[in-house]
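Asker: Take a look at the letters that make up each chain.
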Amino acid sequence: MSVPTTPPTKPTAWREKISQWVSDDGTRDEGQGLTIAPATHFSKAPRVYPTRFGAAFLGMSLLTLIGCINYQLSLGYLVTFLMLGLWVGGAVGAARSLSGLTLSATPPPEAWAAQPIGFTLRLQNPSTQPRLGLRIRAHQPRSAALSLVDVPADAQATTQVFIPPAPRGPLPLPRLRVEGRDLLGLWRGVTYPLLRAEILVYPQPEENAPPLPSQSLNEGEGERRVNGQEDYAGIRPYRPGDAPRQIAWRQTARTGELQSKVYDAPAALKLRLNYQDLRGLDTEERLSRLTAWVIQARQQGAPFRLELPQQEPLEGSGDAHTRRSLNALALFGLRQGG
Amino acid sequence: MPTLTAAPAPLPTVSTEPLSRAALMLTLAAVALCVLPYVTRMPWWASVVTGLLLAYRAAVGLGRLRPLPAAVQTSMLALIAVGASLGLWSNFGTLSGRDGGGAIFVMLLALKAVETHNRRDLYVLALLGFFVTITHFFFAQDTLTAAYALLSIAALCASIALTERPSLWPVRADSNAHLGQDNLNVRSAVLTSAGKLLLQALPLAVALFVLFPRPNGPLWQMPVASKGTSTSGLSDTVNPGSISNLATSDEVAFRAQFDGPTPPPYALYWRGPVMEQFDGNAWRMAPQFRVAPQIQVSGASYNYTLTAEASNQSWVLALDAPTNIDPAAGLRITRSMQVIKPSLIGSRTLFKLSAAPNYRYGLTEDPYLLQYNLALPGGNPRLRELAQSWKTQSPLGRVRAGLNVFRHGGFAYTLKPPLLPPTNGLDFFVFNSKRGFCEHYASAFAFMMRAAGVPARLVTGYQGAEANGNYLIVRQANAHAWTEVWIEGEGWIRVDPTATVSPERIRNGTSSLPDAPGLAAGDDAPFQSLRLRIDALQNLWNTWVIGYDGAQQQLLFKKLGLGDFGSLKLVLFSIALIALAALPLLLRRRPKPEPLVAAYHLLSLRLRLPRAPQESAADYLTRAAQVYPDQAGEIASLIQRYQTLRYGPAPSETAVHEYVSAVRGFRLKK
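Protein sequences, first through last, are from chains A and B.
Its first residue numbered 458, the first sequence is counted upward by one per residue in the numbering used here.
Its first residue numbered 185, the second sequence is counted upward by one per residue in the numbering used here.
Treat the hints loosely; a few may be bogus.
Here are some chain A residues pointing at chain B (derived, C-beta under 10 Å) [stated by the list, open to error]:
hint: 1; residue: Val549
hint: 2; residue: Pro587
hint: 3; residue: Arg638
Because the hints were derived from the structure by calculation, they are not lab data.
Computed from a prediction, not measured in an experiment: that's the story for all the values here.
The beta-carbon is built from N, C-alpha and C at its ideal position, and this holds for glycine as well.
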C-alpha cells in the first residue's frame, strides 16, 4: 500500500508544466539555507514582472506620451519620461529586493493531516538595504495564505509560512514563492526557493471521537507487565526515542552498542488501543480514531499500549511514548515496499 | 484541540488589503496639490466643491466625521456630478478641451477620492494625479509650472510608496516583533527613498527628453483652449482707447529670433487683425477669406522663429510680408495677408516663419472688396467734407493731403488723449482736441481716405521691438494701429499716420513718450539690464525646453556634429547617453568601510596575503609572521594595534588616524 505524500499533480496540465519549469531555479538548499543570487547574474532567479499597478502606470505614461506628441507639450514629455524613468527604476529595485537574502526553514513541532502546516522561515539580510514587504507563500501546491515580512538592514526576521493541508506521512517543505517589490510596487521580483525542511504529518485526529476504551489487558493471561517507569525490568538495545537517562552506560561500554534500561509497571492499569479491534472503519478512519485516543490518553496522563498490525506493540506513557506512537500511526502502511 | 505544544495559528491571508490611514492622507494631500492650480481656472463654486469633497474624505479617514450611509453618499455624489457637469457646461460652453475638460476632470477626481475604499483606489487616484499634473502644461510651461509639477510628482511618488508598503497596513497579517516599534521610522525611510528614486530617475528623463524623436505635426487636431477667457492683447475690434490701454503694459506678447541679421526698426511691422468694417466709432474685422494673397517679393527675406505667448486668439503676428507659411504647423494665410493658426494659441507656441520687407501685394484686387473698403457710415461731416475736397487729386496726392493734415495741423501724440464724444468723434479729434494715440490717427486717416474715394482699412498689430542679445522682445506696449490704402498699380500700401506725427514712436517705441508710465525708460533705468538678462534666460527656456521640437532637435544634433536621425554617430551617442543617465538607477552605493577596517585591509594588500573570511587577527598574524620572518615584529605590532583599536575601548579619532598612516607607511622589504 502506498499513499502519496503530496497530492497527485494533474498529468496533462501544460500550465502546470510551465509553472514547474518556470519555478525550478536550479537552486537547492543543502541544509545551510539558500542564498538568492543577485539578479545581475544570468540566473533564472529572481525574475521581475510588472505588477498590475505597474502595467497601469506604464499605460498611463504611454497615454500621456501620445498626448504630448499630439499637443507638442514639451514639459509634458519631461514628466512622461520621468514616469518612465521611475518605471525602469522599479524593475531594478524589484530585482534587488530579494538578492542576497538567505532563507532557511524549520518545521513546526508537529503537524496534523488536513490542517494547514506552518513552517518557520528565517530570512537573513546581510545588506544595508532593508527588504520591506516580502510576500511569501507555498508555490507547489499553491497556498492562499500569504506571509508578509520585513527584514531590516543587516538583520534577520522570521515568519510563518503556511502550506496547504497534506495527507499523513513525511512531508518535505514544498517549493515556496518569495516575492519582493520595488519601492513603488511597480514590479515584483519572484523566486521559488526549495528549502530543506521536513515534517512527519500525523493522521488527523478524529473529531468527537468516542471515549477511551476501558478494557484491561489481563484477559486470561494472568500477570502481565507493560512498559512503565516504576520497576526496573532489564536491558534491551537502544531504540531511537529512548530518553538519555534511560541509557545503560555500563552495558553500552561493555558491548560497544547503545543499550537502554527497561522499566515496567503492572499491566492491569494500561489502556489497550488496538487497530484490529476497530471494525467497520477503513484504514484512515482507524488511524484517525487511534490518534485521537493517543492524544486523549496523553492529556489524561494515562499509560497506554498501541497495537498496530505487523508491528511490535508500543507500550508506555509520557511525551516520548506519545510521539513514538504518533510516528507509528503517521507512517503506518507507508514504509512497506521500501 | 489536538495539540501537543501549540494550536495551529489561524491562516493569515491578505485578501482585503485595507487602507492605511497614512497612505490615504498622503494621497489626498498629493491629489490636492495636483489640482490646486485649477483654482484660478475654474469657477469659484467648482473649487469650493472640490475642496469640500477632499476635506470630507480626509475627515472620514481621520475618524473626525461619521461617513454618510452608503446609499445617501452615492446619490449625493451622483447629484454633485450632474450639477457640476451642468454648471461647468454653462460656464465654459463645453466639457472638452483645456478649460472645460480640465475642470470636469478635476471635479470627477474629487468625487473618486470620496469613493476610495481600498489600496487599488489609492493607486487610481495617484495615476489620475499624474494626468492632472500634465494638464497644467496646457496653460503654462514656465519654470514655475515645471517646478510645481516636480513637487506634485514627488508627493504622488511618496503616496504610492506609502500605499505599497504592506507593513504599514493597519491589520498586519504576520507577527514580526521588530516592526511595531518603529512604524514611523519605516515610514520616513520610505518617503526618503521615494525622493531618492525620483532624483535617480531624473537624468534618464532628461536624456529621453533630448533624444526622443519629436514629430513636427500633431497626430490629430483638437482645440485646446476655449474662447471667452481673455488675456490682454489685441482684439478683433478697435475703439478709440483700446490700443492705448495696452501701451502701458510691458507684458511680453511674443519674441522673435532671426536666423541672420535683424531687419531695421522701421520694417518691424507685425501684422495682426485687419479691420475693414467701420461703424462711425469702432473698427471691426470683416469675414476672412482664406484665399492666398498675391504677394510679389523683391529683395532679401528673413527667416525667424516667433515664440508667441498665450493669447487665446488665433492670429500669429507675422512680420510683413509673410512668405513660406509652414503648412505642417497648421498655419493659414488670409486674403488680407494675416497669418492664422486654426486652433487658438492657448499656451506659449513656437512658429518658424519668414518675411520679406520689400513686397507688393493685392495688385489685382476684387472690385467688390475694394467697394467694401470705401463704405462709410454717416457722421463726422466736417472731416468728410475736407476729404471729399481732395477728390480731384490723384490717389497718391490724396494720401499726401491726408498725411499733411496731421503734419501741419499741430497734432500731438499722447498716451492719455482726451475722451472723444460718441457722435462725430473723429471730427472732434481732428478739429478740436488734436491729441491722440495711434488708433486715433489711423482711424481718422482711414476715414478721410475712404471719404476721398481711396479704399482704406485699419491694420492692428505690433510695431518695433526691444533687442536683447540675438533676439527681439515685443511687448504689449508695442501694440500699434496703422492703415493700408489701395492704389491702382501699386496694390495695398502701408501708410502709418502716427509716423508723421511722432517719428520717434516708430524709431524708439512708446518708451520715448514723456508720459509713458511704468515702462522701461532708457538704458539708464537701474533694473533694465537685469530685466533683460532674466528675459534672456526666459528666452533660452522657451527655445530649448518649451520649443524643443523636431527642428530644434535637429539643430542641436547638428551643433553636436551628430548628423541626422539614423546616423551611426547619433545612435551610438544615444545609447551612451541613456546608459550614462541610467547609471544612478543601477549603481548601488556601497557604504564606506570604517577607516580602521579599510586600513587593516590595506595591510593585507601590502603583505600580499589575502585574509580568509573568518580568519582571526591572531591566526593571520601567525601566518604573516611565517611568510615574512624578517618583518615579523613590525607586522605583529601593526596587527596587535588593530586588535586593541577595534576590540578595545572606543578609540579616539587621532588614534585611528595614526594607525591608518602607520599602515600606509608600511612597506615589504626587498
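Asker: State for each hint whether it applies.
Answerer: Here's how the hints hold up against the structure:
Nearest Cβ of chain B to the Cβ of A/Val549: about 5 Å, under the 10 Å cut. The hint holds. This hint holds: A/Pro587 has a C-beta 7 Å from the nearest C-beta of chain B, less than the 10 Å allowed. Hint status for A/Arg638: holds, given a least beta-carbon distance of 7 Å to chain B, under 10 Å.
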